[in-house]
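Here are the chains, one letter per residue:
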Amino acid sequence: MKPRHKRFALIGLGLITLALATMLVLNAFRSNLVFFFTPTQVANGEVPQGRSFRIGGMVEDGSLTREGDGLTVHFIVTDLAKRVPVTFKGILPDLFKEGKGAVAQGQLVADGTFIASEVLAKHDENYMPPEAADALAKAKASGAQSSSTLVVQPQ
Amino acid sequence: MSFMGVNWLKYSSPQAFYPLAGSLIPWCAAAAILLIGVGLYIGFFIAPTDFQQGEAYRIIFVHVPAAWMSMFLYVVMAAWAGLGLGLNARLSFMMAQAIAPTGAMFTFLALLTGAMWGKPTWGAWWVWDARLTSELILLFQYAGVMLLRTSIDDLRRADRASAVLALVGVVNVPIIYFSVRWWNTLHQGASVSMTAAPKMAATMLTAMLLMTVGFWMYSLAVTLARMRCVMVERESLLSWGKQASMQEVAEAR
Numbered sequence: 001m002k003p004r005h006k007r008f009a010l011i012g013l014g015l016i017t018l019a020l021a022t023m024l025v026l027n028a029f030r031s032n033l034v035f036f037f038t039p040t041q042v043a044n045g046e047v048p049q050g051r052s053f054r055i056g057g058m059v060e061d062g063s064l065t066r067e068g069d070g071l072t073v074h075f076i077v078t079d080l081a082k083r084v085p086v087t088f089k090g091i092l093p094d095l096f097k098e099g100k101g102a103v104a105q106g107q108l109v110a111d112g113t114f115i116a117s118e119v120l121a122k123h124d125e126n127y128m129p130p131e132a133a134d135a136l137a138k139a140k141a142s143g144a145q146s147s148s149t150l151v152v153q154p155q
Numbered sequence: 001m002s003f004m005g006v007n008w009l010k011y012s013s014p015q016a017f018y019p020l021a022g023s024l025i026p027w028c029a030a031a032a033i034l035l036i037g038v039g040l041y042i043g044f045f046i047a048p049t050d051f052q053q054g055e056a057y058r059i060i061f062v063h064v065p066a067a068w069m070s071m072f073l074y075v076v077m078a079a080w081a082g083l084g085l086g087l088n089a090r091l092s093f094m095m096a097q098a099i100a101p102t103g104a105m106f107t108f109l110a111l112l113t114g115a116m117w118g119k120p121t122w123g124a125w126w127v128w129d130a131r132l133t134s135e136l137i138l139l140f141q142y143a144g145v146m147l148l149r150t151s152i153d154d155l156r157r158a159d160r161a162s163a164v165l166a167l168v169g170v171v172n173v174p175i176i177y178f179s180v181r182w183w184n185t186l187h188q189g190a191s192v193s194m195t196a197a198p199k200m201a202a203t204m205l206t207a208m209l210l211m212t213v214g215f216w217m218y219s220l221a222v223t224l225a226r227m228r229c230v231m232v233e234r235e236s237l238l239s240w241g242k243q244a245s246m247q248e249v250a251e252a253r
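From first to last, the protein sequence lines stand for chains A and B.
Each residue of the first sequence is one higher than the last, beginning at 1 in the working numbering.
Each residue of the second sequence is one higher than the last, beginning at 1 in the working numbering.
Since the hints were made in silico from the structure, they are not lab data.
Just to be clear, a hint being listed does not mean it is correct.
[Stated by the list, open to error] In the DSBU-like style, the derived pairs of lysine-lysine whose C-alpha atoms are separated by at most 35 Å in a straight line are:
id, chain 1, residue 1, chain 2, residue 2
1, A, Lys97, A, Lys82
2, B, Lys10, A, Lys6
3, B, Lys119, A, Lys100
4, A, Lys138, A, Lys97
5, A, Lys138, A, Lys82
6, A, Lys100, A, Lys89
7, A, Lys138, B, Lys199
8, B, Lys10, A, Lys2
9, B, Lys199, B, Lys119
10, A, Lys100, A, Lys82
11, A, Lys89, B, Lys119
12, A, Lys82, B, Lys199
13, A, Lys100, A, Lys138
14, A, Lys97, B, Lys10
15, A, Lys100, B, Lys199
16, A, Lys138, B, Lys119
17, B, Lys199, A, Lys97
18, A, Lys82, B, Lys119
Let the sequences and hints guide you as you build the complete structure.
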C-alpha cells in the first residue's frame, strides 16, 4: 500500500468514525432537538412539566374565536388524533389560518389549556399561484362527489 | 491521466493552472450575470404570486439557491481539503482556501434572506429550530476554517490543520439537509428534491434553477479569481510567481 493510499484510508476511517459518533450523539439528544411537541405527545404526558415548551399542529377548522378585546384568541391545535385548546393574547402572524399549521410557545395549565406567549405560523412546502390552488380545491370537491356516485360523468 | 485528449494532471501544477483559471473567469462571470439576470427577472416579474404568502415568497429565488450553494460549497471545500491531505497537493489546499469565503458569503445570504422571509410568514425573524441552528453553525464552521488558517504562520501546517477542521465539519451538511425530516422544525420541508416531484409551479421552479446555476457560475468565477491571488501570493518567492505578479501589475497599468 502506497503512503498515499494509507492516508486516504485513514481519512475515510476518520470520517466514518466521526459520522457514527455524530449519529449516536444526535440520537441521544433526539428529544431536545424537536422544535415543538405534537398534541398526541401532550396527551401522553411526554412534554416537560412546569416549564415553557412549544406545541405544533394544525389549527382546527372553525375553532378560532376572538374575545371582546380583539386581542385574546382561542383556538384548537390538533394533529388529527388529539386536540389541545390554546389561548393567546397578542397579534397573530399574517399566515395564521384555520386549517393551516401553527406553532405556539407557552405553558400547559391545570385544566389542560395551553397558554401561549408566542404564536408562529408554520408554512408548508407547497408553492403555487392562487388560480392553481382554486382549481385544486375544486377538483378535490368534485372528486369527493364523483367517488360517492361511482359514475364518471362526461362533461 | 488523460481524458478527451487532454492531460488533466498537467493542471495540478500552479504554472499551468494559473493561465487556465485566467481564461475561464470571464466566461463564468458572463454566464453568472446572464443567468442571475434572467433568473431574477423571471422570479420577480413572470412567476405567479403565491396563493398563501402573496409576494413575500419571492425571496426564495435568492434564499433557496444561496442555501443550496452554502452546503454544496462546503462539501466541495472539504473534498479539496481531503484530496490535499491524501495527495499532499498544494493546489488542492489552495482550492479549499479559495472556496471558503464564497461559501461563508452564501451561508450568510441564506440566513439573512431567511430572516427577512421569516418575519412576514412565520411572525419571527429567528427561531432556534434544527434547520436554522445547523445553518448558523455552518457559518461558524466557515469562519473557523478561515480563522484557523490565518492563525498559523507556517503555510503547510495551516493547510493541514484547516483541512482537518473542514473535513470534520462535513458531518453538519447532512444534518442541515435532513433536519426538516428528522425532527419537528418550524422550517418547512423540501419543495424540490431529487426523489419527488417539485411542489411548486413550473415558472417558479425555472427561476429558482436558473438562479442556482447562476450562483454556481458566480462561485466558479470568484473562486478562480481568488485562486489566482492565492497562487501569486504563495509562490511569489518562486520565479514563475514573480513573473505572473509582474505581468499582472503591468496589465493593471
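A quick look at each hint next to the structure:
Between A:Lys97 and A:Lys82 the CA atoms are separated by roughly 19 Å; this keeps the pair inside 35 Å, and the hint holds. Restraint check: the Cα-Cα separation between B:Lys10 and A:Lys6 comes to about 24 Å, which is no more than 35 Å; the hinted pair holds. Our distance criterion of 35 Å between C-alpha atoms is met by B:Lys119 and A:Lys100, whose separation comes to about 17 Å. Taken as a hint, the A:Lys138 and A:Lys97 pair is honoured in the structure, with Cα atoms around 19 Å apart against an allowance of 35 Å.
A hinted pair counts as satisfied when its Cα atoms are at most 35 Å apart, and A:Lys138 with A:Lys82 qualifies at roughly 29 Å. Between the alpha carbons of A:Lys100 and A:Lys89 the distance comes to roughly 19 Å, so the proposed pair stays at or under 35 Å and holds. A threshold of 35 Å between alpha carbons decides the hint, and for A:Lys138 with B:Lys199 the separation of about 19 Å falls inside it, so the pair holds. Straight-line distance between C-alpha atoms of B:Lys10 and A:Lys2 comes to about 22 Å, which keeps the hinted pair within the 35 Å bound.
A hinted pair counts as satisfied when its Cα atoms are at most 35 Å apart, and B:Lys199 with B:Lys119 qualifies at roughly 23 Å. This hinted pair checks out: A:Lys100 and A:Lys82 have alpha carbons roughly 16 Å apart, not beyond 35 Å. Simply put, A:Lys89 and B:Lys119 have alpha-carbon atoms about 19 Å apart, close enough for the 35 Å limit, and the pair holds. The straight-line distance between the Cα atoms of A:Lys82 and B:Lys199 is roughly 28 Å, inside the 35 Å bound, and the hint therefore holds.
The suggested pairing of A:Lys100 with A:Lys138 holds, with an alpha-carbon distance near 18 Å, which does not exceed 35 Å. For the hint linking A:Lys97 to B:Lys10, the alpha-carbon distance of about 61 Å lies beyond 35 Å, and the restraint is violated. For the proposed pair A:Lys100 and B:Lys199, the alpha carbon gap of about 17 Å is at most 35 Å, so the pair holds. The suggested pairing of A:Lys138 with B:Lys119 holds, with an alpha-carbon distance near 31 Å, which does not exceed 35 Å.
Between B:Lys199 and A:Lys97, the direct Cα distance comes to roughly 20 Å. Compliance with the 35 Å bound is thereby established for this hinted pair. A threshold of 35 Å between alpha carbons decides the hint, and for A:Lys82 with B:Lys119 the separation of about 29 Å falls inside it, so the pair holds.
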